[in-house]
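Colleague: These are the residues of each chain, in order.
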Amino acid sequence: MVPEVSHHPLHRADGSASYCNNLFTILASVNGPIEVQRRDELAEEAAIAVNLRPAAGITKTPALRMQGAVRDVGVLPGLVNAAFLALVDGGLRLDCSVVATLFTVTDSGVYEEEPDEKQLVGCKSVHAMAYSHRGELLLNESAGRFPWSEWEGVAERAEKTCFAAMASATGDEEMAGGVVEKSPWLRHELEERARVAVAWRETT
Amino acid sequence: MTTPGVLLPGEVVPQSALPATKKGTLTLGPGLHHVPPSTISATTTGSLQTDNKKGAIWLETSHGRYQPTVGDHVIAQIHHSSTESYSCILTPHTPYAILGQLAFEGANKKTRPQLKSGDLVYARVSKTKIECFNSATGKSEGMGPLKAGMTFSVTPSFARRLMMGTSKDGQAKGGVVVLEEAGEKVRFEVAVGRNGKVWIDSSTARETIVIGGLLVRADEEGWGVEMQRKMVKKVLRDV
Amino acid sequence: MPSEVTPSTNNHDFILTALRQNLRLDSRPLDTYRPIDLTFSSDPDTYGQTDVRIGKTRVLCNISCEVGAPYPDRKFDGVFTISCELGPMGSPAWEVGRQDQTEIILSRILEKTVRRSGALDTESLCIVAGQKCFHLRADIHILDHDGNVLDAACFALMAALLHFRRPDVSIEGEEVTVYSVREREPVKLTMTHHPFCITTSFYPSRQGSDDDLISVLDTTLQEEQCRTGSLTISLNRHGEVCNIAKYGGVGIEGLSVLTCVNASLEKAKMFDRLLKERLAEDEKARQAKIGAMGLELSAENERVMERPVG
Chain A
1 MVPEVSHHPL
11 HRADGSASYC
21 NNLFTILASV
31 NGPIEVQRRD
41 ELAEEAAIAV
51 NLRPAAGITK
61 TPALRMQGAV
71 RDVGVLPGLV
81 NAAFLALVDG
91 GLRLDCSVVA
101 TLFTVTDSGV
111 YEEEPDEKQL
121 VGCKSVHAMA
131 YSHRGELLLN
141 ESAGRFPWSE
151 WEGVAERAEK
161 TCFAAMASAT
171 GDEEMAGGVV
181 EKSPWLRHEL
191 EERARVAVAW
201 RETT
Chain B
205 MTTPGVLLPG
215 EVVPQSALPA
225 TKKGTLTLGP
235 GLHHVPPSTI
245 SATTTGSLQT
255 DNKKGAIWLE
265 TSHGRYQPTV
275 GDHVIAQIHH
285 SSTESYSCIL
295 TPHTPYAILG
305 QLAFEGANKK
315 TRPQLKSGDL
325 VYARVSKTKI
335 ECFNSATGKS
345 EGMGPLKAGM
355 TFSVTPSFAR
365 RLMMGTSKDG
375 QAKGGVVVLE
385 EAGEKVRFEV
395 AVGRNGKVWI
405 DSSTARETIV
415 IGGLLVRADE
425 EGWGVEMQRK
435 MVKKVLRDV
Chain C
444 MPSEVTPSTN
454 NHDFILTALR
464 QNLRLDSRPL
474 DTYRPIDLTF
484 SSDPDTYGQT
494 DVRIGKTRVL
504 CNISCEVGAP
514 YPDRKFDGVF
524 TISCELGPMG
534 SPAWEVGRQD
544 QTEIILSRIL
554 EKTVRRSGAL
564 DTESLCIVAG
574 QKCFHLRADI
584 HILDHDGNVL
594 DAACFALMAA
604 LLHFRRPDVS
614 IEGEEVTVYS
624 VREREPVKLT
634 MTHHPFCITT
644 SFYPSRQGSD
654 DDLISVLDTT
664 LQEEQCRTGS
674 LTISLNRHGE
684 VCNIAKYGGV
694 GIEGLSVLTC
704 VNASLEKAKM
714 FDRLLKERLA
724 EDEKARQAKI
734 GAMGLELSAE
744 NERVMERPVG
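Protein chains in written order, with this note's numbering: chain A, 1 to 204; chain B, 205 to 443; chain C, 444 to 753.
No lab work stands behind these hints: they were computed from the structure.
Glycine is no exception: its CB is placed at the ideal position from the N, C-alpha and C atoms.
Just so you know, not all the hints are guaranteed correct.
Unchecked claim - Dumping the calculated DSS-like pairs for lysine-lysine here, alpha-carbon to alpha-carbon at most 30 Å: (1) B:LYS434 / C:LYS499; (2) C:LYS499 / A:LYS60; (3) B:LYS314 / B:LYS333.
Said to hold, decoys possible - Partner residues aside, some chain A positions facing chain B, computed with beta carbon under 10 Å: (4) ASP14; (5) GLY15; (6) SER18; (7) GLY32; (8) ASP89; (9) LEU94; (10) ARG134; (11) ARG187; (12) GLU191; (13) VAL196; (14) VAL198.
What the hints assert, rightly or not - Computed spacing ranges between beta-carbons, pair by pair: (15) C:GLN544 / B:MET368: 35 to 43 Å; (16) C:TYR514 / A:ALA49: 31 to 39 Å; (17) C:GLU709 / A:ALA56: 52 to 60 Å.
Excised from the complex, chain A in its bound form (with noise of 0.2 Å):
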């Protein structure tokens, strides 16, 4: 399933954008590098602050909102993609590429990925993995009674559909000449953005 995104959907923040996957669609916008207040100052690294904003209700920050529930759980990867979108589209300076998914077992052991709604509900256990292009496991939180053997096979089927979503288009799915199973969403979306920036360099 390839998320909707689009890019610099926003005006006044530096960064911005929005992404639509099977369960919600979310707008992140980032602004920086700026000044921050003295008391949030960090001698050695920059300070970040998230706030996280439901449609109906306050402002939260993310530890107040990281406590549990599947439903928390199952919007974490699509936070995580709409804040890496956003601070790409903010040209802040970034160490890797981020893509996180979200998969939830049944209660007869399916595997499913990127689920819906109806999914998310019925599922047994709910998974939410983030990986970097260079196959550091940056984010794991899951919910519900599982065990280790089922959690490992999330890992590996979440790592390859981070690693496909983020693949080059000489990667072995095309090699091998068959259908593409899983699309480099991310890459695509990111390479149409850099294109769109050097448009003006093929028409002089």
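With chain A fixed as given, assemble chains B and C onto it according to the hints.
Modeller: Chains B and C only, in chain A's frame:
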């Protein structure tokens, strides 16, 4: 035409893409980061551009807040002054840029310009401050206080393209011809700040609005050269 | 403490000079709004979510409701709250948890215009007197601030209220059953009238003089930062004024206020027309979508039947 390679944040620039220079030195531009000993990786998304003559390599991007680089021309707004210097705004919510009270052509304690909060100057970014003259020659080189006129906001990348100048065969290197085209019909003064500000002053408010509006739209709507020519003609006909 | 950077002296003077010649930076007449756009959530089960754009200003309003207890002193009324918390998405000058002037004015005026003018009949939110009622909550999110957020937010709020449908309920003795959207057709809110905010900004027509003012509608952020005062009139299409708020130090004559009310009435009618138009379009699109989804659902069921179990 082959599209230049696009890198994602964190990806490594392939050795084969690096420009070969006689001196063997490499100049890294925006969007790239050197990881010792010899890895160069991307810090954002952009397409890889190289200049073999200068041994330069950089990522071309369209986004983000302006970040000051030595040598950039900027339009700064005075926020407040102290005995030694003016504190100036280059972009909102970032630390003030410091402009020495005497960093103007021919300025001494008696002749220095008296600037107030809200005034604008055209200045150049030096190592730690900004200045309104070339400290090597002492000449203003077009810099100094900007009187009257109006500043329009554009993206920093569009401002950069505006300042690229023309090549030997008279082509605008940055692909922006709005100012040249408009200049054939109307007389106006212009100063382009890399911080995404374009100052325009014409004899009438209407002309200033029209020229500024054309620039802003060319940036926002991504007009190509032909479109720019067409729109300039169309809009200026009505003025 | 971050705050919006004020325009340079050059820009301030230029904007004023231009206005005195009837000119604006976006070449609009002084009494004309920027293009206004209103969209609703495309999900046919989501009601009361609106996305309003006036030029580059963008406001999202979301209505939600749950069943709760009424206030002890208002046994026959439901509860209706409007929340407009500003955040750094709309402008880097806005900080979470720190109320600035814009936020205070925004919530105060929306409160008076919509809640206290009785636009929403809160008695219709009562389920069991003194025991159960609907708590209705409107969340206003300013996504992009390029001036005139007040008019945009009020429009988004009114549109969301008119679009929203609360779940249907049935009462049997003490037992209250709340039905989901799929179980029973949800119910529209009872609105008594449709007020809109129209803000007029004032500029001195001569340097240093306040006796003759230029009136400008739908100001951009930069224009707003150069004004000497403003008048926000809340009224419906019948010309019934429910609130007038004046900000900024400049004095405005009684007669000018009346002129403003008349000009604002035209704009209130414009908002009202646009809203009705969009509501009708959305209703049509939803019916079409629900029809199509009915087909899709039955197709899905067939597939499930065919698939071998396990």
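Colleague: Please write out, lowest number first, the hints stated earlier that are contradicted by the structure.
Modeller: Per hint list: 6, 17 violated.
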